[in-house]
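Going line by line, the protein sequences match chains F and H.
1 is the number of the first residue of the first sequence in our numbering; add one for each residue after it.
1 is the number of the first residue of the second sequence in our numbering; add one for each residue after it.
Calculated from the structure, these hints are not laboratory results.
Keep in mind the model is a prediction, meaning the values are calculated, not measured.
Treat each hint with caution, since some may be false.
[What the hints assert, rightly or not] Lysine-lysine pairs mimicking DSS-like chemistry, simulated, CA-CA at most 27 Å apart:
hint, chain 1, residue 1, chain 2, residue 2
1, F, 131, H, 130
2, F, 249, H, 267
3, H, 48, H, 26
4, H, 129, F, 172
5, H, 130, F, 172
6, H, 26, F, 223
7, F, 241, H, 274
8, F, 484, F, 531
9, F, 241, H, 116
10, H, 48, F, 173
11, F, 241, H, 115
12, F, 249, H, 116
13, F, 131, H, 267
14, F, 173, H, 148
15, F, 267, H, 148
16, H, 115, F, 249
17, F, 241, H, 148
18, F, 223, H, 48
19, H, 48, H, 34
20, F, 177, F, 201
21, H, 129, H, 148
22, F, 131, H, 274
23, F, 177, H, 48
24, H, 130, F, 177
[Said to hold, decoys possible] Partial pick of chain F residues on the chain H-facing surface, computed with a CB cut under 8 Å:
hint, residue
25, 130
26, 134
27, 342
28, 584
By construction, the Cβ of each residue, glycine as well, lies at the ideal position given by its N, Cα and C atoms.
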Amino acid sequence: MILLCTVSSAFIFLIVFSYDYFVSRRIIESDIENQARTLALATVNRIETILLSVEKVPENLSSFLEKGSYDERELLELLRTVVERNPEIYGAAVAFEPHRFAKEIPYFAPYFYKEKNGNVQFLDLGNKSYKYIYWDWYQIPKELNRPQWTEPYFDEGGGNIVMATYSVPFYKKVGGKRELMGIVTADISLTWLQEAVSSIKVLETGYGFLISRNGTLVTHPLKNLIMNETIFGIAEAREDKDLREIGRKMISGGSGFILFRSIVSGKNCWTYYSPIPSNGWSLAVLFPQDELTANIYRLSQIVIILGVIGLLMLALAVTLIARSITRPLKAMARATEEIATGNLDIELPVHRTKDEVGRLADSFSHMKTSLKQYIKELTETTAAKERIVSELKVAHDIQMSLLPKHFPPFPERKEFDIFAILEPAREVGGDLYDFFLVGDDHLFFVVGDVSGKGVPAAIFMAVGKTLLNRLVEKGTDPSHVLAKVNKELCRGNESAMFVTLFCGMLNFKTGNLLFSNAGHNPPLLVRSGQKPEWIKVPEGFILGCIEDATYKTEMIVLNPGDRIFLYTDGVTEAMNREKAFYSKERLTSAVEKEKNASVEALTHEVFRSVKVFTDGEPLSDDITLLAIQFNG
Amino acid sequence: MIQIFFFLLFFLTPAFVFGQGSPLKKATFRPQWKPQAQFAGFYVAKEKGFYKSHGIELTLLQGGPAFSSSEFLADGKADFVTMWLSNAIQMRASGHGIINIGQIIQRSALMLVAKKSRGINKLEDINGKKAGLWGQDFQIQPMALFKKYNLQVTVIPQSFSVNLFLRDGVDVVSAMWYNEYHTLLNAGLNPDELTPFFFQDYGLNFPEDGIYVLEKTFNKDPALSCAFVKATIEGWSYAFAHPDEALDVILEYMSQANVPVNRVHQKWMLNRMKDLIFPLDNSGRIGMLESSDYQRVAGELKESGLIKEIPDYSSFFIGCEIRAEQ
Numbered sequence: 001m002i003l004l005c006t007v008s009s010a011f012i013f014l015i016v017f018s019y020d021y022f023v024s025r026r027i028i029e030s031d032i033e034n035q036a037r038t039l040a041l042a043t044v045n046r047i048e049t050i051l052l053s054v055e056k057v058p059e060n061l062s063s064f065l066e067k068g069s070y071d072e073r074e075l076l077e078l079l080r081t082v083v084e085r086n087p088e089i090y091g092a093a094v095a096f097e098p099h100r101f102a103k104e105i106p107y108f109a110p111y112f113y114k115e116k117n118g119n120v121q122f123l124d125l126g127n128k129s130y131k132y133i134y135w136d137w138y139q140i141p142k143e144l145n146r147p148q149w150t151e152p153y154f155d156e157g158g159g160n161i162v163m164a165t166y167s168v169p170f171y172k173k174v175g176g177k178r179e180l181m182g183i184v185t186a187d188i189s190l191t192w193l194q195e196a197v198s199s200i201k202v203l204e205t206g207y208g209f210l211i212s213r214n215g216t217l218v219t220h221p222l223k224n225l226i227m228n229e230t231i232f233g234i235a236e237a238r239e240d241k242d243l244r245e246i247g248r249k250m251i252s253g254g255s256g257f258i259l260f261r262s263i264v265s266g267k268n269c270w271t272y273y274s275p276i277p278s279n280g281w282s283l284a285v286l287f288p289q290d291e292l293t294a295n296i297y298r299l300s301q302i303v304i305i306l307g308v309i310g311l312l313m314l315a316l317a318v319t320l321i322a323r324s325i326t327r328p329l330k331a332m333a334r335a336t337e338e339i340a341t342g343n344l345d346i347e348l349p350v351h352r353t354k355d356e357v358g359r360l361a362d363s364f365s366h367m368k369t370s371l372k373q374y375i376k377e378l379t380e381t382t383a384a385k386e387r388i389v390s391e392l393k394v395a396h397d398i399q400m401s402l403l404p405k406h407f408p409p410f411p412e413r414k415e416f417d418i419f420a421i422l423e424p425a426r427e428v429g430g431d432l433y434d435f436f437l438v439g440d441d442h443l444f445f446v447v448g449d450v451s452g453k454g455v456p457a458a459i460f461m462a463v464g465k466t467l468l469n470r471l472v473e474k475g476t477d478p479s480h481v482l483a484k485v486n487k488e489l490c491r492g493n494e495s496a497m498f499v500t501l502f503c504g505m506l507n508f509k510t511g512n513l514l515f516s517n518a519g520h521n522p523p524l525l526v527r528s529g530q531k532p533e534w535i536k537v538p539e540g541f542i543l544g545c546i547e548d549a550t551y552k553t554e555m556i557v558l559n560p561g562d563r564i565f566l567y568t569d570g571v572t573e574a575m576n577r578e579k580a581f582y583s584k585e586r587l588t589s590a591v592e593k594e595k596n597a598s599v600e601a602l603t604h605e606v607f608r609s610v611k612v613f614t615d616g617e618p619l620s621d622d623i624t625l626l627a628i629q630f631n632g
Numbered sequence: 001m002i003q004i005f006f007f008l009l010f011f012l013t014p015a016f017v018f019g020q021g022s023p024l025k026k027a028t029f030r031p032q033w034k035p036q037a038q039f040a041g042f043y044v045a046k047e048k049g050f051y052k053s054h055g056i057e058l059t060l061l062q063g064g065p066a067f068s069s070s071e072f073l074a075d076g077k078a079d080f081v082t083m084w085l086s087n088a089i090q091m092r093a094s095g096h097g098i099i100n101i102g103q104i105i106q107r108s109a110l111m112l113v114a115k116k117s118r119g120i121n122k123l124e125d126i127n128g129k130k131a132g133l134w135g136q137d138f139q140i141q142p143m144a145l146f147k148k149y150n151l152q153v154t155v156i157p158q159s160f161s162v163n164l165f166l167r168d169g170v171d172v173v174s175a176m177w178y179n180e181y182h183t184l185l186n187a188g189l190n191p192d193e194l195t196p197f198f199f200q201d202y203g204l205n206f207p208e209d210g211i212y213v214l215e216k217t218f219n220k221d222p223a224l225s226c227a228f229v230k231a232t233i234e235g236w237s238y239a240f241a242h243p244d245e246a247l248d249v250i251l252e253y254m255s256q257a258n259v260p261v262n263r264v265h266q267k268w269m270l271n272r273m274k275d276l277i278f279p280l281d282n283s284g285r286i287g288m289l290e291s292s293d294y295q296r297v298a299g300e301l302k303e304s305g306l307i308k309e310i311p312d313y314s315s316f317f318i319g320c321e322i323r324a325e326q
């Protein structure tokens, strides 16, 4: 993560830096081109101005010689004056074609030149073995029929100075034909020119150099190259084809801005070259690239150093921030592991900042405290629940003990068989059944269902059962029993519980069965050898709601072999996984199927059939089954 | 005391001076031009002590245009000189007793050069053009060429530079292959912009620089002459095998003679000398003057009217039968 941060920052920095570097370089380069051009052109103009002023002298002289008439004395005087009056002119000559000045004189070329001390000296070039008509300064303008600047040359007489000569041919009309009379020349010392060019100083090592039309170096910081080397010779020595091409462009009068490896320093230099129009020489001005870019380079170095420092600091900051985040997170992770093992007493790392991590730490601490509290409460609740469960177990046992559970309950009585099953949905239930003998010939039985389930229902049921036991006596009318129980239950029934109840009083001597109902499911009557049928029960309101409710008693007569089958709605409303009820129909058919079995077997079978139907689903309500067979 | 001194001098001097056996023979040599790679073999042989090891105490004289080598030889100012074969045959024909003891340059370095930009791509294109030609012996071949191929050419005297040609004052210029041709290249002209004419391509090959000695000098001590030639050829072989070292030697001689020094130019010259000195037959022999070459040059001289009779070849060339590899 830290590496990624640093690398991406470095990448951004690099892009910005490169852009900046290349743009500044380009700006400087274009600036340099202008500077170099300006400098070169200024120098070219300076040289050109002097060359043009020098050119005027032999041009004027030749035009005078063409038009005017003169004798030898006048010519020499004129020539001397020209040399004396023009400080930039080193020497001047009027060289005639053989026998042109005078028939008897084959070679005549008066020449005036300045000595070192400034005195003007005379020399007749025609008097020596010096055959002037074969020299460049004479031959070239003669053959080309136009004025020419010579290549620079060493003056062999003078003080080892480099000179150049401007030669102008002059003519005379002879018989309508224009014939060459001779050449007028003006020599200039190139010392001033060399000084002008060497005064070009660019930065530390930049310089200018001048080459002639042949590419000969006329001025150059390396003195031994001057007049000794051409730019092409240097190109050959350096095996530099580009330099040769540059040289060719220079001597052909081109100008341009190029990158050129300096002969002096070997460094790359931005170079502007431009021709000197009058003599076709070419001036180049070199700007050393590394010095030009030195500032950018230095700046770039500083920027890079700053950038690297910045990146390091950034990396450090990122590391610290990341650590400040991850350290508490790691500590919390360790704490969580510890907590996961159940140690809630571990001390959480303290984090004082108000940022997200601080809030997380706070929440985490809060969570730990809550968790601890919750577990404490849970422990207490569990303990309480365990206590209740154990108490419920006891309650269950007590409740069950309230119900008659020994079958056959009255083994001496053969007049009837009775069997009952009660399966509470929870530890204790709200269903009840009971039966007991009243006198010698009556059996009282009851099946009820208290609203709700669990402990309240069980207690309410116990209350109901106790009331029944207390109220039923010989000759008691079942409806009266219900009315009384109702009255008792209504009294102080603040929890608004109620109970449905079916009760009957069987005279097992006669088979007369009196019964009353308080909102309970009607039982099944199975006449011996017949199909079960629902007993029509009298209407009666559930117990525990309306204090002065009244109940009716009905009577049927049982014949020997007839059965009564009672149940609570926990049976018919027992649900399987598909939420289907067990239903009265299943109950009816289950009872019918077992019509020949004993009441015990019948009860067990019906119970079993309910269990099969629910297939392991927990009971939603208590189940109570009670079967009585009258034997006569 | 003095007797003892003379006694010592008499006995010790030979031991000092001629300590290596036979005494060194003194001789002088003058090349026909100022120091340059054209004479590399001589300077290298001198510097490497080849002359000494052949028993010669050689003095190198300064050459140059002020005097001609033939004058120096005729006047006895130099024992050995170099000059062109054409020059030497004319001397011999005019009665000077000079002999060739080693023909160095086998082929014409003299050539004509024209610019393609002036419309000259082949020899016939020269017709009607202006040519700058050097004088005297330098004109023998060009004139013979023009005559042979029936070319009308306006001849302009050529001086010391090729500037007139560079500025198109003439269309054709004479040049030495090892010198002015390179000057043209180093004035910015590319080889493909030039049309060179080599005389050997037109049946006018003239061997040039040869080593000459007066007959009487040779006869007095033929071994000396042959030793000189042998040492010189060793010098050339060494120079070609060690061009950088040879250039150093030449440049040093040039500096001493106050001649402008240009290493690249001298390197070109040395390379061309290698082309010119070794014969085309790849025999590796240096210093032979073939009879056919001799007859051709002498024939052209007679044709030009420069000599009346062709001197006898066998008495003109005394080969020392030296091979380069020896």
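Structure-based check of each hint:
no.: 1; hint: F:131 - H:130; result: 21 Å, holds
no.: 2; hint: F:249 - H:267; result: 26 Å, holds
no.: 3; hint: H:48 - H:26; result: 17 Å, holds
no.: 4; hint: H:129 - F:172; result: 26 Å, holds
no.: 5; hint: H:130 - F:172; result: 24 Å, holds
no.: 6; hint: H:26 - F:223; result: 40 Å, violated
no.: 7; hint: F:241 - H:274; result: 25 Å, holds
no.: 8; hint: F:484 - F:531; result: 35 Å, violated
no.: 9; hint: F:241 - H:116; result: 21 Å, holds
no.: 10; hint: H:48 - F:173; result: 64 Å, violated
no.: 11; hint: F:241 - H:115; result: 21 Å, holds
no.: 12; hint: F:249 - H:116; result: 19 Å, holds
no.: 13; hint: F:131 - H:267; result: 32 Å, violated
no.: 14; hint: F:173 - H:148; result: 39 Å, violated
no.: 15; hint: F:267 - H:148; result: 55 Å, violated
no.: 16; hint: H:115 - F:249; result: 18 Å, holds
no.: 17; hint: F:241 - H:148; result: 40 Å, violated
no.: 18; hint: F:223 - H:48; result: 32 Å, violated
no.: 19; hint: H:48 - H:34; result: 20 Å, holds
no.: 20; hint: F:177 - F:201; result: 53 Å, violated
no.: 21; hint: H:129 - H:148; result: 16 Å, holds
no.: 22; hint: F:131 - H:274; result: 35 Å, violated
no.: 23; hint: F:177 - H:48; result: 64 Å, violated
no.: 24; hint: H:130 - F:177; result: 21 Å, holds
no.: 25; hint: 130; result: 11 Å, violated
no.: 26; hint: 134; result: 4 Å, holds
no.: 27; hint: 342; result: 93 Å, violated
no.: 28; hint: 584; result: 125 Å, violated
Checked against the numbered hints above, the structure breaks hints 6, 8, 10, 13, 14, 15, 17, 18, 20, 22, 23, 25, 27 and 28 and satisfies the rest.
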